[in-house]
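Asker: Taking the hints as your guide, dock the two standalone chains into a single complex.
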Amino acid sequence: MTVDPTYLLQLTLNGITLGLLYALIAVGLALIFGVMEIINFAHGEFLMVGAYAMSFALPALGLLYWPSVAVAIVVTMVGGLLVYEFLLVRLKPDEFERSILITLGLSIVILHVVQYVFTANPRMIDTQYGFDGVDIGAIRITWTRVIGATAALAAFGLLYLLLKHTQFGRAMRAIAQNREAALMIGIRPRVVARNAVVLATGLCGLAGAALAPIQLVQPGMGQFLIFKAFALIIIGGLGNIPGAIVAALGLGLLESWIGGFFEIAFQEGAVFVIMILVLFVKPDGLFKRGAMRVG
Amino acid sequence: MTTDRMRAVAIVAVALLLGALPWLTTSNYILGIAVSAAIFTVSAAALNLIYGYTGLLSFAQLGFWGIGGYATALTVMTFGGNFWLGLLWAGLLNAALALLIGYPTLRTGRHTFVIVTLTFALLVSLITRDWVDLTRGPLGIANLTPPSLFGFWFDTTARFYWVAWAYAMLALGFLYVLCTSRIGRTLVAIKQNEPLVRAQGISPMPYKLAAFAVSAAITGMAGGIFCFHLKVIDPLFLDFYYMQTFLIMVIVGGAGSFWGVVIAGIAMSALPEILRFSDDFRMIIYGAILLIAMLVMPGGFAGWLHERKLSRMRAALQQ
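Residue numbers (this note's numbering), protein chains in the order written: chain A, 1 to 295; chain B, 1 to 319.
Bound-form chain B, shown alone (with noise of 0.2 Å):
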């Protein structure tokens, strides 16, 4: 067998077995840290589709996620459809919304474009405190009814897990396909070296939009599963510790590395959970880590490999 196909074996072990979970484990506090795993690296990973490979940093990815959360209870709770039509709500507000927000926006620089998405977060975030009539303020929704399929409810921890799981696996698997794609090729190229691509006759504005509008879409429905799983949502969901956690994954694992970011998205979610301090502590520990890491190795874990290899080749070459 050749490596990649190897390589894709493994991947779908790996994938079968974490699929498995709920059989090798009766931890309702173990699967709970998965379903976590599962949600946040899934927008980990939109959010490195967006900057890692597309070069825009998106603080709007909590707006988004916070969007998607409320569009999926509301529909649930106040609208009387069921969840999975919730979910298909959640993606298609976000991505309505992106191509509302990234057109006037993208016309501009990549500054503009960071602090517009960061005003837009914290706009979501007053909304759903201040709009009292439709998102119930400060309150919240509680008591969300868990989801069904066929007769089937995901009531359970552990029966809840196999949504998210499933939900990760299908936006992981296109998130790779599209990164890995022409499309996502151009993306890269677009954040290289923008003036050359134009001289490709590619035209990076549709490229860039569709990129922010995935990302949104992903980024909402994750939000809309996460908070499935908490089982209530209140303006608490757009906490800034969200956005950072999706961050600091990028980050850490390196931006514009899927596997990377795949990887430092499942070890920083198990990561709170051995390292058990006050909130305050911990806040401060992820600040500090993002501030670290963007210092001594912004290419985070994924481009300190890549750098290494490279020197280990140059090395090579001159011997």
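Extracted from the complex, chain A is given alone in its bound form (with noise of 0.2 Å):
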């Protein structure tokens, strides 16, 4: 079989940013689980909200693309304070399945709201990029796409530093290694968690605002891709930052090229096969905890 190398650095080029955007939700969620030790099923509407915060964003700021992200992250930001303020904090230690069901309940409710309040219609929205783009040889990449992609990276550089270098950071990391050495040494638990949960929804805000340009905004676009960040977290190792990267940028990779040659349940099915590949040969994810772990 031969294959044509320009639809090959296309899927590739596809594949990274699918990855990135995996990476984006996957991070959060592994930073929430490192901290709380639970799940936020609501991951997906967090983004969703940012998505819908750029589509209004955007109009009343004259398309400006930089201060609209900035609006979205802020909104899904202050979403966040305030889940963790009536919700997330009620929560006890090992009470992994109560935090599902309540996150679920609230994903319930804000989807449906939305769709209620806004229609399930989806909205196309434009920036001051529009659809210009650069030219590789003869294949074209958009603006848009090039400038989420870079955003992500630079999100994931300031995690990093911020993980490594900062108090706020390192607190976080204490919490995730040994919940009681941090309360002996004065870390405050409580304020800990509610950081970790303001971040990851501020990189949710993040995802959702740039997805907004590049795909169709509807009320269920975060469903369809927190499922894959719930497999990736897996994968990764529960809790596992760097894991969740890399497993997201492998998939996003692994499922553009399996969706360019084959049939798409191909593509769909590769994730949860993947993930039963690994349970099987490495129960607690490829990259096990240990001194890799930076959540």
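Each hint should be verified, as a subset may be incorrect.
[As the list claims (entries may be wrong)] Derived DSS-like pairs: lysine-lysine, alpha-carbon spacing no greater than 27 Å straight-line:
1) Lys92/A to Lys309/B
2) Lys92/A to Lys231/B
3) Lys282/A to Lys191/B
4) Lys309/B to Lys191/B
[Unchecked claim] Derived list of chain A stretches under chain B, where covered just means 3 residues or more per stretch with a C-beta under 8 Å from a C-beta of chain B:
5) 85-97
6) 101-111
7) 230-239
8) 267-273
9) 276-287
Derived by calculation from the structure, the hints in this document are not laboratory data.
Model, not experiment: these values are computed from the prediction.
Yeah, the Cβ is synthetic: ideal placement off N, Cα and C, and Gly gets one too.
Answerer: Here's what the structure looks like:
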């Protein structure tokens, strides 16, 4: 079988964009799991809220891209803060199932309120960049994609610096590594958990804002992505941030390649098959918790 | 008569009364709700077995429900078998899948189990949509032939109700016997204190796997019956709405309480019909019920009653 190199390059670039998007979502989930040992089911809905915020901010701000992204991130961060203060703060340690069911209820409410208010019709949104793009050989990539991917990379860089070199981030890692020891040296788990939730929802807001100009904005857009993000944090190892990023990029590439040559059913099934195989071989995920762990 | 025997007599009387429903009403609307109530209650009771008793929150029930529906529908419409053979397939296929997913997943923690089952449910819904050659994709399979037994066709809602009723009685009876047996008590022990169970020389894995497989088979067969009630199956059969319904029944009724879940199942099947809102509004209410129930009474109604009884006993002791 001969493969057209241009086609392959295009699939690869698409795969990287997709992988970065998965990574933004999965990193937030891994961060929250690391600190609170819970799963936020409503994570996809935060992404959707970010995309809707972007779609309303853009026309209001004269199609300027960056201010609208900032609005979307702030909106989701405030949402994250409210959710933490009103719901998640009531969870005691080791109430994993309860956390899932509470955030599942929240996810249903957010999804259907948005659908009720704005209807299920997809929204197309335009930015200052329109559909301009860069040409690489025979391939054309729109600016919105390039910028989205760059913003994701920048966010990971910032997150790394934050976790590695600030007190704010070190406290998160301390709680994740050893809750009791962190308590003993005076780290307040409540504050750290709140920071982690707000940070994670902010990343989701960024993902939603970056995604809004690339695809249609609709109420179900988050739910579709969140299931894959769940699988990714299992593959990467629960609570392992670098693991989640690597798994997300790998899956993005793999899905894009499979989608380019096989039927769509195989593309959708890939993540599940990989997850089950990983669980058979390495039950703790590909990147077992240990020295590599940052979250 | 002792209270136990009076209770047993009451239960049999209620069951027979429910079975006589088609003679008591001719309304297809009410009988339709009764079919849903029977099927949803059985599915909720199956979820209760794995979540309420064993302590493993399984979202895979939705996938089993869908696979059961498609297995039964395809057996009849594509492979030329009859309805009963289709149900058998639905049960066997789901039990086998549950073992296949359960074994690698249950070796790790409860957390992994929840997430893997969730992803499985999504995978099944994507496959029903995308594997067009087998499932006919979004178009679905319409005009499912009604089942027949010894020349008797269950072709009206009233007649089909008996299929649903008989299945509900068999499945609930089986689950009741299972849950109150030594196996059921072992499952509760695994939920409450797994290291202690191991220390007693009992390996938890076979028990967990068996509970998951039984719950999968029962949910799958329920799905198989329900799609013949709808007379059509398409990817919407895997709408998350069904999973939410089962979950809400278990949580409102009280996870780990057999009768709590059965009563909640019947009550919550009638509720959406009484609250006739638009679909979105109904879902908002469902989400809010789930959220509030988990926040204020995580033990459900049965758990709340149990707490009250305990506090009354404590108060009596202090006097």
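Asker: Now tell me if each hint is right for this structure.
Answerer: Evaluation of the provided hints:
1. Lys92/A to Lys309/B: Cα-Cα ~24 Å, so holds.
2. Lys92/A to Lys231/B: Outside the cut-off at roughly 46 Å; violated.
3. Lys282/A to Lys191/B: Given that 27 Å is the threshold and the Cα spacing comes to 25 Å, the pair holds.
4. Lys309/B to Lys191/B: holds (22 Å)
5. 85-97: holds (count 4)
6. 101-111: With 9 residues closer than 8 Å to chain B, the stretch 101-111 of chain A meets the three-residue bar; holds.
7. 230-239: Per the Cβ count (5), the hint holds.
8. 267-273: holds (count 4)
9. 276-287: holds (count 5)
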